[in-house]
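Peer 1: Quick mapping for you: the protein sequence lines, in order, are chains A and B. Sequential numbering from 0 applies to the first sequence in numbering that gives the first Met the number 0. Sequential numbering from 0 applies to the second sequence in numbering that gives the first Met the number 0.
Hints in this document: simulated from the structure, not taken from any laboratory. Honestly, I wouldn't trust all of these hints.
Since the list gives no way to pick out one identical chain from another, each pair is judged satisfied if it fits inside one copy or across any two copies.
Result set (DSBU-like, lysine-lysine): computed pairs, CA atoms no more than 35 Å apart in a straight line [as the list claims (entries may be wrong)]:
hint: 1; residue 1: K452; residue 2: K86
hint: 2; residue 1: K319; residue 2: K433
hint: 3; residue 1: K258; residue 2: K450
hint: 4; residue 1: K249; residue 2: K325
hint: 5; residue 1: K403; residue 2: K53
hint: 6; residue 1: K393; residue 2: K478
hint: 7; residue 1: K347; residue 2: K393
hint: 8; residue 1: K86; residue 2: K76
hint: 9; residue 1: K46; residue 2: K395
hint: 10; residue 1: K395; residue 2: K254
hint: 11; residue 1: K3; residue 2: K261
hint: 12; residue 1: K482; residue 2: K254
There are 2 protein chains.
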Amino acid sequence: MGNKLTKRNEDYSKWYNELVVNADLAENSGVRGCMVIKPYGFAIWEKMQAGLDKMFKDTGHENAYFPLFIPKSYLSKEADHVEGFAKECAVVTHYRLKNAEDGSGIVVDPDARLEEELIVRPTSETIIWDTYRRWIQSYRDLPLLINQWANVVRWEMRTRLFLRTAEFLWQEGHTAHATEKEAIEEAEQMMNVYAEFAEGHMAMPVIKGLKTESERFAGALETYCIEAMMQDGKALQAGTSHFLGQNFAKAFDVKFASKEGKQEHVWATSWGVSTRLMGALIMTHSDDNGLVLPPKLAPIQVVIVPIYKGMEQLEAIAEKIGPLLKELRGKGISVKFDDRDTHKPGFKFNEYELKGVPVRLAVGQRDLANGTFEVARRDTLTKETVSENEIVQKIKFLLDDIQKNLYQKAHDFTYDNITEVNSYDEFKKVLEEKGGFVSAHWDGTIETENKIKEETKATIRCIPIAAKNEEGTCLVSGKPSSKRVLFAKAY
Amino acid sequence: MGNKLTKRNEDYSKWYNELVVNADLAENSGVRGCMVIKPYGFAIWEKMQAGLDKMFKDTGHENAYFPLFIPKSYLSKEADHVEGFAKECAVVTHYRLKNAEDGSGIVVDPDARLEEELIVRPTSETIIWDTYRRWIQSYRDLPLLINQWANVVRWEMRTRLFLRTAEFLWQEGHTAHATEKEAIEEAEQMMNVYAEFAEGHMAMPVIKGLKTESERFAGALETYCIEAMMQDGKALQAGTSHFLGQNFAKAFDVKFASKEGKQEHVWATSWGVSTRLMGALIMTHSDDNGLVLPPKLAPIQVVIVPIYKGMEQLEAIAEKIGPLLKELRGKGISVKFDDRDTHKPGFKFNEYELKGVPVRLAVGQRDLANGTFEVARRDTLTKETVSENEIVQKIKFLLDDIQKNLYQKAHDFTYDNITEVNSYDEFKKVLEEKGGFVSAHWDGTIETENKIKEETKATIRCIPIAAKNEEGTCLVSGKPSSKRVLFAKAY
């Protein structure tokens with residue numbers, strides 16, 4: 000067929016870039032590192048947003064909106080935090096342009112310099128905790144459970160569509176609690192919400208775990224994460240949830256009067272997922288023919304392509320399709336009848352295959368005569384003929400079955416590619432020859448972590464929550480270890 | 000009662016500012032001119048977004064996302080456009096901070112200066128038309144009907160919550176068409192969509208019209224608008240829709256091959272509404288007791304306040320309320336049962352009055368015994384006792400009736416305050432003594448428009464679409480005029 004993508008086993012990275020552009024998901028813009036999310040890609044992101052937003056609200060969170068700009072002095076208040084973000088941020092220094100006096104065009108007006116520079120938010124802890132100081136006085140104001148959908152900017156030098164862009168879209172939850180215990184429970188809850196979304200909506204299995212100290216968020220005491228395995232065996236961090244302790248409350252002087260009337264600093268969490276999830280979705284399911292979408296996130300779940308010669312035949316098909324469209328839409332199924340006469344059926348088949356539409360129906364003259372449809376499923380690329388009496392049932396079954404099948408396939412792939420090793424040689428061999436996640440004992444030191452990273456490019460993706468206690472010795476230092484951790488090369 | 004707001008007839012502007020803050024809608028942030036939209040205010044904005052988004056999709060538009068940053072050279076490509084926005088824009092000049100060498104803190108790294116400055120988008124025509132050049136080759140690619148929900152920045156010197164802020168949230172539609180006629184029809188359609196939303200959802204009557212040349216969007220050939228009258232008689236521009244001609248297509252070289260194979264420049268529109276609508280909503284309906292919300296936009300449509308002494312009584316009420324909550328929610332009605340034991344009923348009554356919840360139910364021991372509820376409606380501040388058998392019907396009726404009543408009241412107020420005048424003396428007298436909109440003949444020149452603005456502060460809000468042809472003479476110049484236009488002082 001005609002979707003001329005590079006094959007995954009030839010060049011996975013090239014395949015990814017071509018697919019993102021050719022399937023109309025996103026493209027690079029004229030602004031360095033910033034992408035344009037195209038309508039089809041954005042429609043998938045909207046479905047992700049809707050799914051997550053409902054889960055946030057069901058767990059008691061409300062949305063709000065905080066400023067895009069962060070005064071430089073705010074960013075500096077939490078030492079680790081500024082260290083983490085200062086090196087890659089967009090800085091607003093002026094508030095006006097003017098015509099150059101020499102007529103050479105439009106220039107920055109030097110008289111319009113800001114007294115204090117503003118940073119385009121790379122994340123919003125500082126501006127939000129500056130606000131929470133005004134909102135929190137008493138234990139009655141807690142917990143404060145707030146989420147924001149927003150754009151953020153991190154001046155990355157090497158960018159890739161969805162995976163790493165200077166500007167990206169995300170949500171960031173910021174919560175305030177009366178006790179350490181509650182804040183930790185919140186951070187854990189949101190990791191679980193993310194895992195549920197990844198597995199239930201994206202059909203993407205994830206490993207829940209804790210980050211090591213060196214991989215923690217700048218300003219966090221503990222970072223919980225979900226890690227997914229891409230088809231090329233590399234890991235992708237799909238979501239993080241941070242227990243921030245009292246760091247930001249102390250930096251921004253946010254105290255509350257406890258039930259006992261004592262002034263105490265507030266406990267905090269923050270958690271986020273971003274348009275990076277689009278990259279994760281693509282690299283979990285898609286194939287050499289194009290995008291493969293789980294039905295729950297597909298903007299078009301079913302497409303119907305008429306096969307006809309002349310307007311009379313098209314009208315006969317349209318008449319037949321009318322009630323089916325209505326019935327499917329009535330059941331909340333998103334269906335498109337592609338009756339464009341500017342493109343041939345073969346072109347349309349290719350287009351919907353490339354765009355990952357889960358179920359495709361074709362109807363020609365013989366189908367009209369026989370009362371049948373040709374039904375194709377995108378995940379297995381198989382086709383069958385289905386009678387019109389059974390078609391609605393069949394579509395419902397397929398949408399459900401494709402969702403399950405994609406999850407199962409990705410699940411099997413992930414767990415087939417987690418390898419336990421007990422020596423550093425074996426570690427390097429597996430990483431080199433098989434890839435995937437390597438489960439190994441580690442002595443808990445940053446030195447060992449750095450050494451492994453330098454020598455193999457693998458990082459500790461997480462200390463899995465589900466990891467059992469098991470006596471062992473560190474691969475590198477030979478020191479005792481009581482738990483295996485997961486290493487991988489990562490996006 | 001206890002909502003100590005300044006009265007509207009004492010100081011309308013002060014009343015507005017107090018209400019926005021006290022009703023938990025928004026507040027100023029630590030960043031000059033940027034607001035924090037608080038959860039309750041944001042919940043109203045979310046309802047506006049959902050209503051508008053559905054209307055955009057029903058008229059064939061899709062959402063997408065374009066970069067936050069606009070290279071300075073892009074902004075300069077359309078002459079009127081840069082003239083309109085250069086004087087008030089946030090300019091990013093650097094991409095890194097560093098530790099000052101003298102240890103004085105974090106400073107901008109002079110080595111990280113951008114080659115070309117980036118403007119934080121004040122509107123996105125330029126970056127979008129730069130993109131459309133890649134998307135449009137043939138008539139088959141048209142029309143292109145795209146909308147974006149985004150934040151934008153205009154460096155306003157005097158800001159007011161929702162009405163004029165440096166950063167605000169909005170949607171901006173950007174469409175491309177093969178013909179002038181289609182583009183004009185689109186611009187008109189979107190003005191009508193905005194009017195329908197304002198009147199149908201916000202219960203806010205609007206006048207549809209055209210802007211005069213001096214009030215047009217920078218780069219537009221024609222600006223359509225909806226204008227609303229606030230309670231103090233001032234006008235508020237609630238939405239604009241621009242016919243851009245081929246200006247941006249020419250500036251960004253966007254051509255298409257027509258059916259006849261000719262290369263032609265594309266025709267364009269853009270249209271937007273913003274969080275300014277929140278200000279319009281507040282100033283259309285609210286009263287000295289606080290916010291008044293039309294049920295279609297109220298985050299909480301019905302609140303139930305229990306009146307009790309001790310846990311036993313509360314439990315009896317909760318048991319009674321359970322099935323009612325379920326039934327109302329099943330009907331899609333948003334209802335809150337406020338069983339907080341940290342606050343007294345009187346405090347809660349005040350709170351929901353201040354927050355504009357349309358319907359309030361109270362249940363005490365006598366109600367329990369009699370099988371009744373005390374029902375209060377926010378718009379008229381009236382109360383009645385309703386039997387439990389009739390309560391669901393009553394609530395449905397009230398939500399519908401309040402929506403209609405608010406619209407009717409605002410409609411009557413608006414049309415009672417549009418005054419036709421035929422001399423400049425009368426014009427000044429009406430503007431001074433009565434306010435509102437003044438309908439008068441104008442000679443069509445910018446000179447007269449400016450003279451009137453300088454002398455009275457009134458501007459031409461619009462040339463109403465519905466204005467009849469009528470022979471007359473200009474108030475100021477005495478020259479002939481064939482239509483009345485609307486003047487007012489404006490937000």
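Peer 1: Look at each hint and say if it fits the structure.
Peer 2: Verification of the hints:
no.: 1; hint: K452 <-> K86; in the structure: within (22 Å within a copy, 50 Å between copies)
no.: 2; hint: K319 <-> K433; in the structure: neither (52 Å within a copy, 63 Å between copies)
no.: 3; hint: K258 <-> K450; in the structure: neither (49 Å within a copy, 64 Å between copies)
no.: 4; hint: K249 <-> K325; in the structure: neither (58 Å within a copy, 43 Å between copies)
no.: 5; hint: K403 <-> K53; in the structure: both (22 Å within a copy, 30 Å between copies)
no.: 6; hint: K393 <-> K478; in the structure: neither (58 Å within a copy, 73 Å between copies)
no.: 7; hint: K347 <-> K393; in the structure: within (22 Å within a copy, 53 Å between copies)
no.: 8; hint: K86 <-> K76; in the structure: both (16 Å within a copy, 32 Å between copies)
no.: 9; hint: K46 <-> K395; in the structure: both (19 Å within a copy, 31 Å between copies)
no.: 10; hint: K395 <-> K254; in the structure: neither (53 Å within a copy, 44 Å between copies)
no.: 11; hint: K3 <-> K261; in the structure: between (67 Å within a copy, 30 Å between copies)
no.: 12; hint: K482 <-> K254; in the structure: neither (38 Å within a copy, 63 Å between copies)
Hint check: violations occur at hints 2, 3, 4, 6, 10, 12; the rest are consistent with the structure.
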